[in-house]
Amino acid sequence: MEKNAEIGLDQLLHGGDYNPEQWLDSPEILKKDLELFLKAKINVITLGMFSWSFLEPEEGTYQLEWLLKIVDKMYKHGIYTILGTPSGARPQWLAKSYPEVLRVNENRERALFGSRHNHCYTSLVYRKKVYDINRLLAKEVGNHPGVLLIHLSNEYGGDCHCPLCQAKFRQWLKARYKTIEELNRRWSTAFWSHTYQSFEQVESPSPKGEMLLHALNLDWKRFVTSQTVDFARMEKQAIREGGCDKPVTANFMGDYGGLNYRKFKEVLDIASWDSYPEWHRKPEIETARETAMQHDFMRSLLKKPFLMMESSPSSTNWQEVSKLRKPGILHAASLQAIAHGSDGALYFQMRQSRGASEKLHGAVIDHYGGEDTRIFKEVCQVGDTLSDLAELRNTVQKPKAALVYDTENRWALMDAQGPRNCGLPYKETADKMYGALRKQGLDTDVIDMEDEFSDYRILMIPMLYLFRAGVENKIRRFVEHGGTAVMTFWSGVADDTDRCFLGETPGNITDVLGLRRTEIDGLYDEEENAAVPMDSNSLFLNKKYTCRNLCELVKVSSAEVLMTYERDFYKGLPVLTCNKYGKGKMYYVCADMEEGFYADLMEAVLKAEHMEKPLPFIPEGIEVTTRESGKAKYLIIQNFNRQTVKLALPQDGYKVIYGTEGEELERFSTLILKKDK
Amino acid sequence: MEKNAEIGLDQLLHGGDYNPEQWLDSPEILKKDLELFLKAKINVITLGMFSWSFLEPEEGTYQLEWLLKIVDKMYKHGIYTILGTPSGARPQWLAKSYPEVLRVNENRERALFGSRHNHCYTSLVYRKKVYDINRLLAKEVGNHPGVLLIHLSNEYGGDCHCPLCQAKFRQWLKARYKTIEELNRRWSTAFWSHTYQSFEQVESPSPKGEMLLHALNLDWKRFVTSQTVDFARMEKQAIREGGCDKPVTANFMGDYGGLNYRKFKEVLDIASWDSYPEWHRKPEIETARETAMQHDFMRSLLKKPFLMMESSPSSTNWQEVSKLRKPGILHAASLQAIAHGSDGALYFQMRQSRGASEKLHGAVIDHYGGEDTRIFKEVCQVGDTLSDLAELRNTVQKPKAALVYDTENRWALMDAQGPRNCGLPYKETADKMYGALRKQGLDTDVIDMEDEFSDYRILMIPMLYLFRAGVENKIRRFVEHGGTAVMTFWSGVADDTDRCFLGETPGNITDVLGLRRTEIDGLYDEEENAAVPMDSNSLFLNKKYTCRNLCELVKVSSAEVLMTYERDFYKGLPVLTCNKYGKGKMYYVCADMEEGFYADLMEAVLKAEHMEKPLPFIPEGIEVTTRESGKAKYLIIQNFNRQTVKLALPQDGYKVIYGTEGEELERFSTLILKKDK
Amino acid sequence: MEKNAEIGLDQLLHGGDYNPEQWLDSPEILKKDLELFLKAKINVITLGMFSWSFLEPEEGTYQLEWLLKIVDKMYKHGIYTILGTPSGARPQWLAKSYPEVLRVNENRERALFGSRHNHCYTSLVYRKKVYDINRLLAKEVGNHPGVLLIHLSNEYGGDCHCPLCQAKFRQWLKARYKTIEELNRRWSTAFWSHTYQSFEQVESPSPKGEMLLHALNLDWKRFVTSQTVDFARMEKQAIREGGCDKPVTANFMGDYGGLNYRKFKEVLDIASWDSYPEWHRKPEIETARETAMQHDFMRSLLKKPFLMMESSPSSTNWQEVSKLRKPGILHAASLQAIAHGSDGALYFQMRQSRGASEKLHGAVIDHYGGEDTRIFKEVCQVGDTLSDLAELRNTVQKPKAALVYDTENRWALMDAQGPRNCGLPYKETADKMYGALRKQGLDTDVIDMEDEFSDYRILMIPMLYLFRAGVENKIRRFVEHGGTAVMTFWSGVADDTDRCFLGETPGNITDVLGLRRTEIDGLYDEEENAAVPMDSNSLFLNKKYTCRNLCELVKVSSAEVLMTYERDFYKGLPVLTCNKYGKGKMYYVCADMEEGFYADLMEAVLKAEHMEKPLPFIPEGIEVTTRESGKAKYLIIQNFNRQTVKLALPQDGYKVIYGTEGEELERFSTLILKKDK
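Residue numbers (my numbering), protein chains in the order written: chain A, 2 to 678; chain B, 2 to 678; chain C, 2 to 678.
No wet-lab data here; the hints were simulated from the structure. Wrong hints could be hidden among the right ones.
[Unchecked claim] Derived pair list, reagent style BS3-like, types lysine-lysine, alpha-carbon separation capped at 27 Å: (1) C:K378 to A:K572; (2) A:K327 to B:K556; (3) B:K175 to A:K33; (4) B:K556 to A:K378; (5) B:K378 to C:K556; (6) A:K327 to B:K634; (7) C:K327 to A:K545; (8) C:K378 to A:K556; (9) A:K97 to B:K175; (10) B:K634 to B:K401; (11) C:K175 to A:K556.
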């Protein structure tokens, strides 16, 4: 690990985004803020993220004093700074002087000034301006002992279709395909006579032009990621060249589909993300599971502790409904982040702004400004807890299970036109498989197909439509060496430029599966079928489960059939199969099964493989996770039910270090056990 | 009152929009029209509104003879003219010669010629052309004794984002804020680094640029109103400089949200509007109440009789469904307008056009053209009734109750992002409060927060998010002096540039309310809560009512709690409170309550305040209104039920002057009583 | 009939679209294709349709050898070619060199290169390029003995608003109206002052300009058809001038509303269309009836056998759900096309492409590539059947019934604004009337109002809003001479430039109907009314039927009232009338009746008119059609139920030539009987 890859603070972080530049003419406000921060055991604030107009009010005229003064003052009170770079929102003067920095949309219309996150990532002018201010910030502020971490921009996202980006895209393609003939071949441009004669003819996807050449769409998304990573790399380089060696992060947006976050691995020292679940719309455990999957995704990026960089202490103001978090949820959600590997719980925002877009977003300190608010008290409670749990900092998870959830696959899958254009259940199937693992209490990595599989014992592979990076061979080796893999319908359809495999499919892996696909049926929304168990199947499955949306028809060679379709012309054809291959087993799920199917399948698989759970019995609605250090193992148990739940705790050397000892766990409360190694 | 502020005719007006220019080559049609007009007791027609192509077929070549001839001929038969200015739809030549007159939309795209209401209000060329033709019309036609009223343009609306408008907007801002620093402060531009360095950087809101700076959005809407009023002022000035002193009106579109109609007070002599309820979609009484609120809004504008300038004698052709009005509804709706203060009932249109957009819109004379149609007979019936009721002309209403329904508040409220972005119930809450007053038979003014409150005894204040013009102080004084005010949740959040109040809210008025807001919960669409009465509350409320959408949490200081929440973590917190302040009472409703709550609340309040109703008992579905002159008071009772209703009429000196005497009122029929003063 | 108007092959065609240019570097694929074609009794393939990039890879450099080679090779194996012209998708170089070929949308934005079907039909450059390559194809390939038919472009459609098209539109208008005064009069431009002073002022409809001038919209659609027909004429001319005299077709898109397909009569020798029903979403018989109506429409175009040019052997990939066709449906659908007059059953596509937009569309040969697939086996079964039924080729239908389903009427009707803007049931009413005829087993032509009516005995006329081409007189003569016509509500409203008729309506035909329309009521979606029979009505109707959406009120003069409204203020007014006129009868249906009404009405009418059915009793879900030659009559019976159905076959000389003799017909199976004349 690099010298600068860790946050230099022996505490779990507690704090969030703070915009003192909005209050520079109200010193009494700034004073009150500090007072309340200390009460809530805030130990970190993020500064500078949207402050460009205050840092460089006119081109070339820099004003960093106010920032340095606040960093310093906070530091003196034990509050550290995450220093943001301001590239997420440029000043007016920059847009006016250099219109090229304004993004061009897919319809080839250039934006006007406004909002944020809307600059061209390719523009050399924009890069230069960002480089300059980042470098200066690094130099003047970055090495202040109060600065813990550098935070690049804010929620990178979106694409730009300006002439500069078009030119860059063509260069990128040329580097990838070398000749236009190769591009034509890989992109299948013969279809509809779209053959390119030169790279100069390529244009980014557009509703006004080409939207149906899937390989172009896929490569454009790859290029956008590549260009954004390159921008982030430039931002980091400016920091380093400014002489600051602090670790660098950038905040992600959970399941945001616009970028392949995996590609940021090379740039970031710390992964972080902004967590805004829609609490109380569904049963809390469901919301908790969805959030957990994002936490696990972020932790799996760098395989080390990450940061929950933003979360709302109360409601948001941009979701359909600004729902208040019920008492206890803020605490539970903060500890859930820690449970899954975050080394802190941070908020957007420390103090509500008086005006503009997010003035009604929840905050630690609201417009009322007092400390006698429910929210502020709950924040203090989180502060106390995190302060007590400092030993969890820098502990890790070592999952035996992994879910393959791949962004490029998602892009290709969702764009492919068919077998359902009114919705393919990729996220839904991943959620079900992830949930099945988590209900058994298995710590789970969420990885993509470029990752290494050999560390795991169980691999869940939903709808892996696109095969790339030799994933077939990795799966083959994984199973051969004794792993258990579960793959679903609509896998192995296309190669890395979205060309369909010829011959048997799933491509290059039918021997491992012991079957091949023959057809796939799309079901209308109102249709369903069911899977019924075979007599005496090897997993002892004995229930019937419904399926919807997609029913794949397969022809078995060597696989055992465990369940079959109940109805339609494919009645009796396999729904669930298992093929022994090498020392392992390869399961295949042919249809979009209901959630309960995956839960029961995973329970049966664990039993068959004699794998242990962290708790012998895990009631509904309970989340169990582990973190460990070289010296100890921690077991974190959270109750996301609305009622108290009885628990049987492990007897083998664990002692309670947080929460109320006993057999009952109250609603939304957390219990943490520790066992020395 | 100015000399020219009244319509010089001792009758209630009956007539409507007439377009003889469509039939100039069919004299037999024009002849037939006159014949039928006389049969239907038509005494007024509106001419010239979309006739520019016929008045000035080529630039500078005017042709007014045909118009003058019709005005004159009609006058000779006792039919008066409302003279329209033609600015609502310009001729082709004007757009072709001067493209600047074509409107530019928020995406900065200039319109092509077509449709109507789509000119730039700022263009000097357009203003000049309108000025010239208005002046000429005033001079050549306006002083004809047959001309009663000048009608400016048609349904002013929409905005233009062209460079001319941008420049004007910046001037308007400069006049308002003086310095760019002040604008930055008031608009909270520090958020997302949007600080302007000069007024030249400001651009109107656009999906391609800035949409999330609420103060910009609000000021843009204010500017659009201001510029439209200025355009109307110019139109009026042309009339006056043409030597015509007749009163001036412009037709409004009911609850249209694009303009703040209040600002037209200074230009118009008579208020008027176009009434197109969707009859028979809901129970007729509900449609009647919604229409009544618009009538009351229009009457409250100038606090004197207005005109229902358009209404359909049959169906419209632009609503989703062209529903026929059932027999009796035309008559009832026409008299309802009179009941609420209109001095006439006018139609769009007198004769159906053969082609183009509105050829299937209802008309007094349809394509068939005969007088043996149901519609024509019903129009004749209205004509007879209005002719009998001439004495109602120029009588007024003197309401003791008012509803504060404020356009600028609506703009800010709906744009604020939160606490629900899938819909805030402003109109709905206003409707419920208005309906509660009307069910008690209270005549009601519909006013905005710039109006004077001291004339009323009861003030209903739904969701007054934005406080401006010292409204807090006016409310304070109103209550102090003995008034009863009912304010709801989500009031007093922001100031006049949509900056949130700091400290306790509702801003600057928590002492009058005896409470302060702590939080507000957004409910998902499928959620609800309920309000339950406190034992022995001072209003003797004893029912339970459901609430939805928004539940505000308050902390009471001096107020009495009358009802509390039934469920959720805020169970037991107040839903309805009453604070005695000075000689009056200030009620506060914390949640979005069901309709029945407001009705029962108002009944209880009237009882508590010992206020009288115009009828001791008002059955469901009955509308009661009063008009009065110096000499007499009129009581108008309408039955909007589908069945006959029994009534107990007042015994104290009232006599029936219209309708069938007796205790029963037939469906859709009207009874008018008169009592001399 | 012209010499070149027939396909020169004594077989029913079996085959489809084939794109060998996608596989030119995979000779083993091409070899396999041929092998499988022969197995499936494929006798025709369509080549060249999207091959421009391969035929002319650079401007002026032609490469036809690969095509000729394939034509020749196939021919030697008994497989014929339908030669496509490549105008449906142009090469990149053409768009880059001549941007004028790119289409401009209604918002006046020029498209980028991409997709297909998006060229300007007016561009002389595009026409020249298409002419040149068509001519060369005709010359070099067209006369090969293997070429059966020339196929122009692919699915003509869409419109272009570029300056070239605007200019052409103005010319077209000038030719139509001669003077601008006449255009103003016919278009009713006096409305809203839209009077044109010259043709140069006219612009095509646009959301940015004019959308509400109905006559402009209608004439624009007419112009688009005219210009597209002209383009097709040019394409054909190039073929002829290249020296090729083979018959010419172009594939239509069923109920596509963008073009008036009738106007292609003059250009095409053979009608053809692409049939993609959404099987299994509704009961199969409903889908079959909708498809049958399209088949009948296509056959009625030229009143001779047509071709089902495309159909999917499996699923599509562009519908919402890619539903597999259940076993038997491919066979049934293929024979249904033959039953209604197609001389073949062709597929899109012979081999699935590996990439791009349609890679997941069903194909005879899929990516797997084997012959052991369900689909391939079903295709072989179709091949066997068609090969057995060669004698059906060139036989015809001679319907006694016709449905008037008119494209220009649809355009005007749907654009008219009112009496319902949330949906007018034109297609639905036509479907119900067509279904009523088909349930009686009547062969049916689907014609427009420009067609001749005198050959029929029954005429169904749904919602004929627009009267043109003297249709009133043709109906009058038809009835006078003994025909039975059924016309519905909302007929005879407007003339051919969508100007409403003045006076009594339906226009110029109230004497034949014995009534006139007085009003029309639009019903809200949730409303309904009902029709109740008159005692002792002449058709002996005795049930009650619901109606929705539209209820017309009429005043009867001479007509007999058969049914009346049950409710609302028009209770007791007529819903169904019959007027004897000359030797015939004219029925009028006043309301949007439920499907069962039309079925019962038609049964009663047949009884009253003593007309025979092809089978004495036709069970639910059974389709019966006839084809005949000079020598024999064929009766085709298909079971679209999901269960076996009992049938009573005719005894009079028919013998079974296809299918299992006996009284039972299995699900999705077909029986063909033959009787010599």
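Inset, instruction - Output the numbers, in ascending order, of every earlier hint that fails for this structure. - result: Per hint list: 3, 6 and 11 violated.
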